Amino acid sequence: MACVWRLSALCGARGGRALFLRTPVVRPAQLSAFLQDQPAPGWCGIQHIHLSPSHHSGSKAASLHWTGERVVSVLLLGLLPAAYLNPSSAVDYSLAAVLSLHSHWGLGQVVTDYVHNDTMQKTAKAGLLALSALTFAGLCYFNYHDVGICKAVAMLWKL
Amino acid sequence: MAALLLRPVGRYCLHGHLSPQLCIRKIHFSAVPLGTSAKEEMERFWNKNTGSNRPLSPHITIYSWSLPMAMSIGHRGTGVALSAGVSLFGLSALLLPGNFESHLELVKSLSLGPVLIHSAKFALAFPLTYHTWNGVRHLMWDLGKGLKIPQLTQSGVAVLVLSVLSSLGLAAM
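So the sequences go chain by chain: A and B. Under this note's numbering, the first residue of the first sequence carries the number 1, and numbering increases by one thereafter. Under this note's numbering, the first residue of the second sequence carries the number 160, and numbering increases by one thereafter.
Since the hints were made in silico from the structure, they are not lab data. From a predicted model like this one, the values you see are computed outputs, not experimental measurements. All C-beta atoms, glycine included, are put in the ideal place defined by N, C-alpha and C. Keep in mind that the hints are not guaranteed to be accurate.
Stated by the list, open to error - Ranges between beta-carbon positions, derived for each pair:
{"id": "1", "chain 1": "B", "residue 1": "N206", "chain 2": "A", "residue 2": "L79", "range": "34 to 44 Å"}
{"id": "2", "chain 1": "A", "residue 1": "A82", "chain 2": "B", "residue 2": "E199", "range": "24 to 34 Å"}
{"id": "3", "chain 1": "B", "residue 1": "T195", "chain 2": "A", "residue 2": "K158", "range": "51 to 61 Å"}
{"id": "4", "chain 1": "B", "residue 1": "P227", "chain 2": "A", "residue 2": "Y114", "range": "12 to 22 Å"}
{"id": "5", "chain 1": "A", "residue 1": "A61", "chain 2": "B", "residue 2": "R203", "range": "17 to 27 Å"}
Unchecked claim - Non-contacting residues of chain A with respect to chain B, defined by C-beta distances greater than 10 Å in every case (computed):
{"id": "6", "residue": "G68"}
{"id": "7", "residue": "N86"}
{"id": "8", "residue": "P87"}
{"id": "9", "residue": "K122"}
{"id": "10", "residue": "G138"}
{"id": "11", "residue": "C150"}
{"id": "12", "residue": "A152"}
Claimed, not checked - Over the 10 Å line for every Cβ pair with chain A, so calculated as not near, a few chain B residues:
{"id": "13", "residue": "E200"}
{"id": "14", "residue": "T220"}
{"id": "15", "residue": "G294"}
Isolated chain A (complex conformation) (with noise of 0.2 Å):
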């Protein structure tokens, strides 16, 4: 990805003033400039240096962490009117398995927030998995041994 640096250059060999570049967000892909040739002295005015990806080493887990967050609610806005309109068993685990993610993930971001101890935050992630690990199962063993999470909402609501 190439982004372009403005770099306000000083004027003269005055000097005194420091370089300034005024860089757009940069998302943690790796960048590597050269930054040739300072431009020759008494020159003013805006030099435009283009930079290229030369390698990558930043992880993009938290980006692609973030999609899926995105992608996950996305299927679980679907699902809701799939499990209205066309009640399946195949519905039932599929909410199932977004029900437990999307909740997942959003309390993940809850203790992200709110827990700063580094142990603290292990251990609290570590009871997450376990309670949605907990939760996927129980959501499955109902599907399967019961009437499962569609029919369940139908007969609770018609009480």
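Assemble chain B onto chain A, guided by the hints.
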């Protein structure tokens, strides 16, 4: 995940002692991480401050509440509540004896009045509808839409109205 902030790994080579103006400066911006990552800095901040027992400045008790602020914490609150409900449901399926129908029979035997049942349905539906509609609002923001301040208020009010109407509709079903 720590965002690797770039910093110039300065390698200033000054050629030509003849004229100080004639210097070719090579500055590499490479993948050298800063001394500390964001995560490390945050950890230092919290360790320092929790250890010093300093009093916390008043924040939510004094800050003027705004609609987006309240709706944001509402989104989080309903999310946590819904997750708790789903987990309770899942765990009950694994741990409690009897099937779903038997539990429903138990509730039926309580002979709750229709008003109470209606209200209970509304109370169950509202967190779901609010979180769903506000969730759509969030997804719109993620697409970059509706981020101006007046739009925030408009979409916020729209979400509240839609949530109440949907909950009433669902409770009536």
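Cross-check of the supplied hints:
no. : hint                          : result
1   : N206(B) x L79(A): 34 to 44 Å  : holds (43 Å)
2   : A82(A) x E199(B): 24 to 34 Å  : violated (45 Å)
3   : T195(B) x K158(A): 51 to 61 Å : holds (59 Å)
4   : P227(B) x Y114(A): 12 to 22 Å : holds (20 Å)
5   : A61(A) x R203(B): 17 to 27 Å  : holds (23 Å)
6   : G68                           : holds (13 Å)
7   : N86                           : holds (17 Å)
8   : P87                           : holds (14 Å)
9   : K122                          : holds (12 Å)
10  : G138                          : violated (3 Å)
11  : C150                          : holds (12 Å)
12  : A152                          : violated (5 Å)
13  : E200                          : holds (12 Å)
14  : T220                          : holds (17 Å)
15  : G294                          : violated (6 Å)
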